Amino acid sequence: MNLLDFARGPALQWSLVIFVVGVLWRLLGMLLLRTRKDLSKPRRDAAWKGLRLIALRSWPRKEFLGGTAFGEVMGYAFHIGFLLALFFYVPHVLFFADISRGLLGTDLHGLTGLHWPTLPNGVVTLLSAISIAALVAVLIHRIVNPVKRLISNFDDYFSWLVTLGPLVTGMAAFAHLGGWPYERLLAVHLLAAELLLVWFPFGKLMHAFTIFVARGSTGMLFERKGASL
Amino acid sequence: MSSPLLGEFLRSRGVTRRDFLQFCTTTAALMGLSPALVPRVAAALAQARRPSVIWLPFQECTGCTESITRAHGSTLESLIFQGISLDYQHTLQAAAGDAAERARETAMQENWGRYLLIVDGSIPTGNKGFSSIAGRDNLSLLQEAARGAAAIVALGSCAAFGGIPGANPNPTGAVPVSAIVKDKPIINVSGCPPIPVVITGVLTQYLTFGKLPELDALGRPRSFYGQTIHDRCYRRPFYERGQFADSFDDEGARQGWCLYKLGCRGPTTHNACATVKWNDGTSFPIEAGHGCIGCSEPGFWDKGGFYQPLSTGQWGSARTLGVAVGVGTALGVASAALARKRQKDAEGA
Numbered sequence: 001m002n003l004l005d006f007a008r009g010p011a012l013q014w015s016l017v018i019f020v021v022g023v024l025w026r027l028l029g030m031l032l033l034r035t036r037k038d039l040s041k042p043r044r045d046a047a048w049k050g051l052r053l054i055a056l057r058s059w060p061r062k063e064f065l066g067g068t069a070f071g072e073v074m075g076y077a078f079h080i081g082f083l084l085a086l087f088f089y090v091p092h093v094l095f096f097a098d099i100s101r102g103l104l105g106t107d108l109h110g111l112t113g114l115h116w117p118t119l120p121n122g123v124v125t126l127l128s129a130i131s132i133a134a135l136v137a138v139l140i141h142r143i144v145n146p147v148k149r150l151i152s153n154f155d156d157y158f159s160w161l162v163t164l165g166p167l168v169t170g171m172a173a174f175a176h177l178g179g180w181p182y183e184r185l186l187a188v189h190l191l192a193a194e195l196l197l198v199w200f201p202f203g204k205l206m207h208a209f210t211i212f213v214a215r216g217s218t219g220m221l222f223e224r225k226g227a228s229l
Numbered sequence: 230m231s232s233p234l235l236g237e238f239l240r241s242r243g244v245t246r247r248d249f250l251q252f253c254t255t256t257a258a259l260m261g262l263s264p265a266l267v268p269r270v271a272a273a274l275a276q277a278r279r280p281s282v283i284w285l286p287f288q289e290c291t292g293c294t295e296s297i298t299r300a301h302g303s304t305l306e307s308l309i310f311q312g313i314s315l316d317y318q319h320t321l322q323a324a325a326g327d328a329a330e331r332a333r334e335t336a337m338q339e340n341w342g343r344y345l346l347i348v349d350g351s352i353p354t355g356n357k358g359f360s361s362i363a364g365r366d367n368l369s370l371l372q373e374a375a376r377g378a379a380a381i382v383a384l385g386s387c388a389a390f391g392g393i394p395g396a397n398p399n400p401t402g403a404v405p406v407s408a409i410v411k412d413k414p415i416i417n418v419s420g421c422p423p424i425p426v427v428i429t430g431v432l433t434q435y436l437t438f439g440k441l442p443e444l445d446a447l448g449r450p451r452s453f454y455g456q457t458i459h460d461r462c463y464r465r466p467f468y469e470r471g472q473f474a475d476s477f478d479d480e481g482a483r484q485g486w487c488l489y490k491l492g493c494r495g496p497t498t499h500n501a502c503a504t505v506k507w508n509d510g511t512s513f514p515i516e517a518g519h520g521c522i523g524c525s526e527p528g529f530w531d532k533g534g535f536y537q538p539l540s541t542g543q544w545g546s547a548r549t550l551g552v553a554v555g556v557g558t559a560l561g562v563a564s565a566a567l568a569r570k571r572q573k574d575a576e577g578a
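Residue numbers (the working numbering), protein chains in the order written: chain A, 1 to 229; chain G, 230 to 578.
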């Protein structure tokens, strides 16, 4: 078994297994916690309005713009670039379709008759470069800013590293950089993505699943207490 | 051995100056040289002495020889190739037996340190009887010939990377030239077989400039192997638009869409097929409707099925993931129950 076979086979399977087990464990462990009964009379009854906080927190507040604009812009640049490259790059789409066929016996086209759209390689390359630039910028900001540096721990830096890994190795594989055979570059890219999957449930990357739940529940709490959203 | 100038030789074979210049222009372009250098290439090539070349075929199928000699018709490439002083090639030469071996030994002695050694086929390192010539095993023949060579051209994927004889389970212990010879410059002209013009292009560059071409990390001339088939494929726009043939006889295949999903290795294969093409520039495998099988890359025979897409993940079944979902759910529920108990205990305390 060569490195690519290992990356495509056992490493892929085990990383997905760890990802699924870890995400379900953490999510259910949090969602099934007891919520303390609030005996006070709610200020406002329409608790579902609190869900507005999910949208409101996704946009900078005018009052704090000066302090948060950098993080907001870089955050959006990274996330948009990363997600578009992940879900609309041709080989990724074929890879997901292949996994889908392996698991379900069919892919999106077989299920719905629809074709998953893809982006031109040039656009994906640009998006990946933007994502990498944004990641580097936020790391520099984290190190330079004394407050952020103080509150940063291993989780922050390691999560940053495992997020950067697939982007950099993906770009290297696409551009055939480093004088390595493509198969080795592809294997390293797959392993980098698999490391991301393995670390995902246990570090701050889990925010992908918890962020909207947290904002929604906070918003509902605020609404109940009559706080201004 | 007589060694007239290459220009004289070609004229004697009826090659016109126009044809010769056209060849020089094409070869210069393929080598990435400026058009201003074409006269220099032509002058140097016309004045070049026919170098002594010793060609040792080992574990091979004669496809590389077939490619360069183009049995179906004489081309300028084959004439240029004949223009070298091919002092030993047991498939092509008229002499046989002791006479052939004496020709090799004489050529080696007369041109010691100057001759070009071409090797096609891999070298078995197992039982010496796996492949031998005139009672000599391939390994000792290569070691002896390599000592007196100015440079070595490993012709074809077998000589360059082990090729099909070296494929799993490699019963003969086949290795490429580079695994045996460590102290001579080696040019890997890979392919199964290599494109004729790539072979002559490398020889032309050697004759013209007296030095080896710039090589990539795998020892292949950058001028021919610098880009992937995919980079220059005429079906590339379909790849960019996400239009793929799903089978060899569907509408996509008829429309000439990208063959990536049918296992095309174009994105991982460095070669000049998409630009130079085969059979006098007639076509190449992708143009003929079949994906590239990546024959100019190391270990191409052992990289999974030729019809599996490159992106293929080797996923077993849904059962493993189903078990993972079950275990994750059980762990989540159990840890929540434990936490709830702790919460309750804390409230009661």
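Don't read these hints as lab results, they were simulated from the structure. A quick note: this is a predicted structure, and the numbers were derived from the prediction, not measured. Treat the hints with care, since some could be wrong.
16 angstroms max Cα-Cα, derived EDC-like pairs, lysine to aspartate or glutamate [claimed, not checked]:
{"id": "1", "chain 1": "A", "residue 1": "LYS225", "chain 2": "A", "residue 2": "ASP45"}
{"id": "2", "chain 1": "G", "residue 1": "LYS532", "chain 2": "A", "residue 2": "ASP45"}
{"id": "3", "chain 1": "A", "residue 1": "LYS37", "chain 2": "G", "residue 2": "GLU576"}
{"id": "4", "chain 1": "G", "residue 1": "LYS506", "chain 2": "G", "residue 2": "ASP478"}
{"id": "5", "chain 1": "A", "residue 1": "LYS204", "chain 2": "A", "residue 2": "ASP155"}
{"id": "6", "chain 1": "A", "residue 1": "LYS49", "chain 2": "A", "residue 2": "GLU63"}
Hint by hint, here is what the structure shows:
no.: 1; hint: A:LYS225 <-> A:ASP45; result: holds, 10 angstroms
no.: 2; hint: G:LYS532 <-> A:ASP45; result: violated, 63 angstroms
no.: 3; hint: A:LYS37 <-> G:GLU576; result: holds, 12 angstroms
no.: 4; hint: G:LYS506 <-> G:ASP478; result: violated, 24 angstroms
no.: 5; hint: A:LYS204 <-> A:ASP155; result: holds, 7 angstroms
no.: 6; hint: A:LYS49 <-> A:GLU63; result: violated, 22 angstroms
The structure is inconsistent with the numbered hints 2, 4, 6, although it conforms to all the rest.
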